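With the hints as a guide, bring both chains together as one complex.
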Amino acid sequence: MSPSLTLIGVVPLVGALVVALLPQGKDVLAKQVALATSLVVLVLTLVLCVNFDPQGDRFQFVQSYDWIRAFGVHYAVGVDGIALVLVALIAVLVPVVLLASWDDVEALTEVGTEGSDAPAAKRKSVRSFFALLLVLETMMIGVFAATDLFLFYVFFEAMLIPMYFLIGSYGGPRRSYAAVKFLLYSLVGGLLMLAAVIGLYVQSAKQGPGTFSFEALTQLNLSHTTQAWLFLGFFIAFAIKAPLFPFHTWLPDAGAEAPTGGAVLLVGVLDKVGTFGFLRYCLPLFPWAAREFAPYVIALSVIGVIYGALLAMGQKDLKRLVSYTSVAHFGFIGMGCFAFTTQAGTGAVLYMVNHGLSTGALFMVIGFLINRGRSRFISDYSGIAKVAPTLAALFFVSGLSSLALPGLSTFISEFLVLVGTFERYTVAAVVATTGIILAALYILLAYQRTMQGALSSAHAALKDLSGREVAALAPLIALMILLGFYPKPVTDIINPAVKVTMQEVGAQDPAPTDVAKPAAESK
Amino acid sequence: MTLLAEKVTYVPATGTLSALWLLLALPAAGAAILLLTGKRSEKWGPYLACAMTGLSFVLGVVFFFALKGLTNRSVDQHLFSWISVGRFQVPAGLLYDPLSATFVLLITGVGFLIHVYSLGYMDHDPRKKTFFAYLNLFIAAMLLLVLGNSFLALYVGWEGVGLASYLLIAFWYFKPEAATAAKKAFIANRVGDLGLSLAIMVMFAALGTTTYAGVFNSGVAGGTATAIGLLLLLGACGKSGQFPLQTWLPDAMEGPTPVSALIHAATMVTAGVYLIARSTPIFQASPDAQTVVTIIGAITLVIGCVIGCAYDDIKKVLAYSTVSQIGYMFLAVGIPGAGAIAILHLLTHGFFKACMFLSAGSVMHAMGDQVDMRRFGGLRKYMPITFGCFLTGYLAIIGLPPFAGFFSKDKIIEAAYDLHGTRGWILGTVALLGAGITAFYMTRLMVMTFLGEKRWTEGQHPHESPSVMTAPMVLLAIGSAVSGGLLVLGGALQNWLAPTLGPQVEVGAHTISPTVLTLLTLLVVAGGAAGAWFTYGTKPVLTTPPVAVTPLTVAARKNLYFDALNESLLMRPGQYLTRFLVWVDNRGIDGAVHALAAGIGGGSGRLRRTQTGFVRSYALSMFGGALLVVFALLAVRLGQ
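Heads up: the protein sequence lines correspond to chains Z and B, in order.
Start counting the first sequence at 1; every next residue gets the next number (our numbering).
Start counting the second sequence at 524; every next residue gets the next number (our numbering).
Everything labelled a hint here was simulated from the structure, so no lab data went into it.
Check each hint, because a few of them may be wrong.
[To be verified] Where chain Z lies over chain B, by a calculated footprint (3+ residues, C-beta under 8 Å):
1. 606-614
2. 677-686
3. 718-729
Just so you know, these numbers come straight off a predicted model, no measurement behind them.
Glycine included, each C-beta is placed from N, C-alpha and C at the ideal position.
So that you can see chain B by itself, here it is in the shape it has in the complex (with noise of 0.2 Å):
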């Protein structure tokens, strides 16, 4: 295993890069004056909020060049003092390295597009420009996250976001089930806080700072580490949508959909990886926290793709992927070594998942906000581009080459299998395993929607998107299709990022030779996607679901049964104390208060009876004190 350089050293932000502050301000700038000019930005406001990220996108190149050009790509820009309370100092500070300029590139390069779709996607909703004002303040929070230079600033961006992702489920807040799913993100979300929160604490009591070049340098090591490593995987998963907080992803889906695709799959629910891969230091220090990590990965891409197989909504199969697929990162960030796999797998999903979900979106907003695949079918005529757009995020997904996808599950597989002994072959056959089924519903998916018989509902004229939404897709779809080669083309992101997360791993002898994994893993594909199409393809589609099936379908339509747990273990019996404890505040403490006031005045009521004149009693009582202090104060001097 390499570790990363002993000590890691920040070098001040100067020349172009002295304006990082700017890619945060300019949306953090929009969101406000979106906010505050109320009805008068109606027209020009959704504009400005694409303006505003397109120019982060565009400050966002400026500065990779900058930093591409520098020997200690490591740069940290000091802007003030946040808190400064003894020894508890937190500078409010940005921290640019290879790791998050890639992010920044990620958040306003596909925010920018999705934008520019949602200019088209939102046009006839009459709050339109609120939808673009949260957009902006969501931007601006996730840049906070990926360049804050401290676990407490990255914590402000952390909430941000939540709160960002809680007003876009809920902007349709008058819909009960958008309200109850919003709810439920940023309850999950806080749970994941909690253990965010409580790392950050450790760190303060065990190595007295929480900057990451403080914490990285500390020597942070043994029980310490596995703990705060801990701590701050609580914190991913709930962010993340990993178990065994999984479950408020695929309600989160009651939001407009570009947010769906841009906070709900390319950005936000990767911020749990960012966390894990930003933190290499702590965990690289606790081989358990990494173990942890790998698990809580296998466990959640086997649920994601075992409930993805069951549902008929579009967005809901497509939200159970990203849960799959973000634990498909999970495993990766927790193999020593396989972080930049981790990141390389992040970007391309984040391509070939919004890719997707624009393309769903699209085919909502032609079918008339129908989200059942079930009523769909045969609309590859109808609407080509999006077919086309959603056929090549479906071939990257499955991880067909040369697409995307397949050059980064293919690496996570292989690393999965390169660990050591038992568990080596355990996570990498569940990896393994998942790929076949991802493309099993990936597949069921395609063809419900676009091949087959029409199923529609009636008075449906599906037609193509205008082209303000075509053209983002299109965009989405070129990188769904190149990127995963690009970025690895002579190990290109591997070693760019290799200052944060260390040099990739190269084992001399792999568990099994890459060549056979990689026909092995393209045979589990096909024999997904053939399965698929036995079963939907060559027969007509219900439009109804079938009722006679196996107990695991049943299951996987209900979630698994997590939300029931959750609901007869957390909600119930929390319904329930808390309504004992109000009978308990009403009638225990404040009966016992009035039992007293009883005792002693012979029955409250005739207590508050000698209170109605007000006045005079009031008077009466503080005349009796003043006499009382009076007396004592006399008693005591008397008494010298």
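Isolated chain Z (complex conformation) (with noise of 0.2 Å):
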């Protein structure tokens, strides 16, 4: 029994408690009691990093307790390599997206809400808008954590509430109708997968005590057709989450009309509990329903990565733009989950984090544009780099890993998934790796059409990046490069928690074809 997790899932709300109950008018006190709190949460995941033994159990820092007795509902936390490197990216992300957001609500009330549909602004609160992310840290960590089903079940859902105050209150003018969006889409998911997890406990009381544990669950024997049904309801939940197409649309609006710092966890990290999802329970649970069902989702995945391209392309705001990338990014995400290699399963993991970190510098330098032009329009920018080279370069560089360029993290984990992928379904990693070519011109056209060619008049006086802009960036981008050349740390963790997955999806990986037995390495 360890109680660490739990302290690190408690700090942030904690936090936000002391945040909230701030007197008014100490705006500039809450920012830095958040910011404090975020990094307290940094220091105490390293460390818990640092702890992690990659060779040892499934599940660490392990802790459980009776919840519902009556329905052997347990407080059950723990971490394997997958959720962990989750956990620790949401503890990167959470005290840059603060940084990052320092003046984003001040900033707010000034805009006003031209062409809005929402009652016309009031003054929005700081200390709530600082509260709201502390508090959504603390529902990620926890939904990562959580070893019970039903208690990965409640903080899947309660989720959603930070994070519709985040969209509804703190977002741009169509902030009201992407926040019901969003809700509505991940209820609809949410039911489903509520009735898959329901249908499970009913298959786990006929087999012995009712029980809600995830390690408990994997021992199930279940027939075909209930693990499909079971199957298809966590899926269609996760795949809205992911959200994988078609389920993708409430995307591209909660990702525009977001602020900044909810976007960047939205995207960075609320997504990914979709993709993790399928490698934590669609896959372990219901291996023969994920083997029958996974050649359909590699197909939507492809069709996701190529259409998520094209569509950003098409784009004409810049947020939409890094949204539909993001459908894009996790067509790639979805294909390695599915694919049932090592190399894939790794690779999709690597990419959840390595997405977390360029998407979310993407977001965050768009929004420090936006913040300057007051436009989310590519049309309304020319030439930027003239006026603001700093911030051109850190958009080239954050764009330079959506684009997976060789030498930047994001390269390791799409090419782990392609190369993974393509062992087993080489049309469909032969039809991904065209997206490489898109990705270049969704990336290409936006920086060209935005910082390059003549500057327009209307922004010469447009400042450069601030030292707190900057130093929020850095981090991510310091840790793309580093990756991008060591990602060792984070496959080593990675590694052993995929290949037991895929042994309880009953998935071996393929011999080379052409070598009688493995060929010799030159070391």
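Below, the structure is given as structure tokens:
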């Protein structure tokens, strides 16, 4: 029994309480408390990572208490390698987001909301904004740390609340529409999952004492029909969350209307719950169904890769563009989850982390641009590199990360997914690989249209990034480069967990086709 | 046909060679320092960049002699484990063998000279320091490309040079043409990279490895070898501007001229040749793939020559000339046993093309960035050093003995004719005719630029460039004059490269006797040069291009319609598809969701209105959900 995970989860909640209870007018203090809290979480998480033994038990730092004894519900937490790196991603992103959103709420009040579908803007509360972000951090950590299915479901739904308010209260002009759409989609998915969760409980109750414990549930004997139905319940919920094509249309609206900080956490972390759910729940709980449905999921994923990229190219709004690139990236992740090779699986998990870094950076830098230019539309910008070279440079680097340039961390994950998929689904991998051309197109087009060319006179006085803004982006970019050349610390944590998952789903890596015995590798 | 030794063996790096990584680290550090120090390094930054590349060159020379002293001249340095997932094991490591050693000297040597030249050429640019940072980045990436010991490490360098190329083409990003050209270059390269990526995937799926040692010793053969070979070729075509991906290279001339010389003539664009030469064991296992390489080379060399005759922009003529000369290299590298000749041409071309580009830059510098040859003329008197350098490069490229190009091009034509049967005759004749057309367009360029009457725009006062620019030009001119002869002396280069490319093939009976062929080639070259002289040298050159011209000229001026083809086949349909999909996504998929919502909720408008009291309605739905859970659980419990 180790309380460390619970501690990491509770710290932001306490911070949120403190921030919320501060007297009015203490906005700066609220921000400082929030940032300090998130930094404490970061340090604690790093300690956790160092103490994690990749070769040890599957779940570490476990803690389990009876919660609702009558239904076998536990408060049970613990992390495997996959959950750990995602918790680490959260811990890194939250302080960065807080720093990036430092003055966003005040800016919001100044802008006003022309053409809005919501009531005219009042002065928004700074304290609530930062408190909400911290509450969100707790929920996100909880959803990855839960090892009891019921607890997972609670976090899965509870996570929506702070995000709903972040979008609905602090978002762009069409925030109400976007917030409701996000909520409805998630609730529909959640409802399906709830049905499946109950179904699973019923099955466990038939075969012994009813339980929601993940490890116990993986031992169940489920008929093929049961597996198929329950799988679909989980899968659709996760596919909406991820989002996979064709469940994606809520994302561009939510991503575009959410405030920058909310968008980063929404696309960077919340969406990962979907793909994390594939690996954690869909595969181990329903191995037969997962194998049966895998080709269809791969097909949807490949469509998503191409479709998301093409749509990104057609967007006029920078934030929608980035949201659609995420649809493409989630296609890659979905493909990696269902290709059932260790390369693709590890690639998918690494992709989740890298996508959080690169899309987070992209959303942030675009947010900085929009704060200055007061427009989300590409056509309103031109030649910005002339007046804001640092902004342009960081936009470019984040863009390169999004198009998976070798030498940056996203390349490793994308290539692992592709090479791992190629072994089993050659055609799908080949089609998905054309995504690298489309990715170059949507990034470079956006960069050219906004940053290059002649400077528009309207932006002649546009200011370059401030020290705070650079400080917020710098850690993400440093991590992208570092993990691009030395991903081993992360892959070493992920590998064993993925291997276990592959065993549970009953898949083995295909052997090289042209080699009788494993080729001798030169060292 | 002589094959390589059955097994490729690499020995670990020891002694002096254990410092191999410094070759890369120096320019990489230079780039990082220059980019991160902001305004502080504006004064000393450019000099630091030059010093880093210069030091790399010195190291390259030291390592070269260290390698020469070894018996097994293939040295492998394992740095750390880069990617390690299941069977997918990729080390971060360097391979230093005669082929990479040769490239290291070319890259750092020519690279250093061009760095120095840029000190003068970019002197007035406010972002001079950034320019040097990008140049250093390029050198580091290019060195990684030729030194990596696996296809994946090569890939990192491969896209790294693509990135540097993008940044440098778009260096004057405020010019829309420069930004567009840079993007086009990157996209065309990515199309090629698709091939390279897939090749690596095939390697892993079929052979279980992606390191050179692993792949070359795996006994790769049959369909796998052909598939890998053709996919690698696609990658090579993208990077080297070969048919059908050649159109980006001439547009890339929007970048500063030193960039054109270094990246788009002497080094990066020859990376495709390096890739194919490096993969010799794969191509030897697949004669089909080799044939395709020669055909691509032959087609490109003709395309480049023909278009080169039609342009009036001095840099574009040189660019198409580069396309064409790399076509020669591809032709050679696809011929079994002629790999060393391809590398020979690559090296001589590195000298003479860089020399001509820098001289062209010197002309532009003097003429206020004018590039239209119809607005030059008579510059010989005003820029004697530049003229002398360009003349040397010119004599080298048309292949006049004893200048460098003679030795390499002559050998390629000979090797092509020596292929068996019709293929040999066709390829050989194409190469021979290409030599003639090359002489034509290069003579045209010389005459229009340096000879004849002044056709300058008003207010031009051309002057010779400062010595910081002319000195590198002179050194490259010397290289253009003597490098060919020195490299073939006693088969020096061929023997040196034999461990990587296999020994030189000596065909028993030549299709045409070498002496006869050499004379024939010189005759064709003289014919081409004479044709240009009589067309452009004996009568005044018009200051505007003539309108009444042959259909071929019209076509050549439009890049033989390749751009139009790309536009109508890919760009336009792509745009329509994108627009259509955006419509589908908004109206179709999202529309269906809205319709569903409307159906269920009795109108989405009403549904939305119910959501205006957010907290209340949400609380209600949560409460409803919670109730549902509790009832469901109770039902299950009671049902037992």
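Outcome of the hint check:
Three residues within the 8 Å Cβ limit are the bar, and the segment 606-614 of chain B against chain Z gives 8, so the coverage statement holds. Counting residues of the segment 677-686 of chain B whose beta-carbon sits less than 8 Å from any beta-carbon of chain Z gives 6, enough to reach three: the coverage restraint holds. Under the rule that three or more residues need a Cβ within less than 8 Å of chain Z, the assignment of the segment 718-729 of chain B holds, with 8 such residues.
Hint compliance for this structure: no hint is broken.
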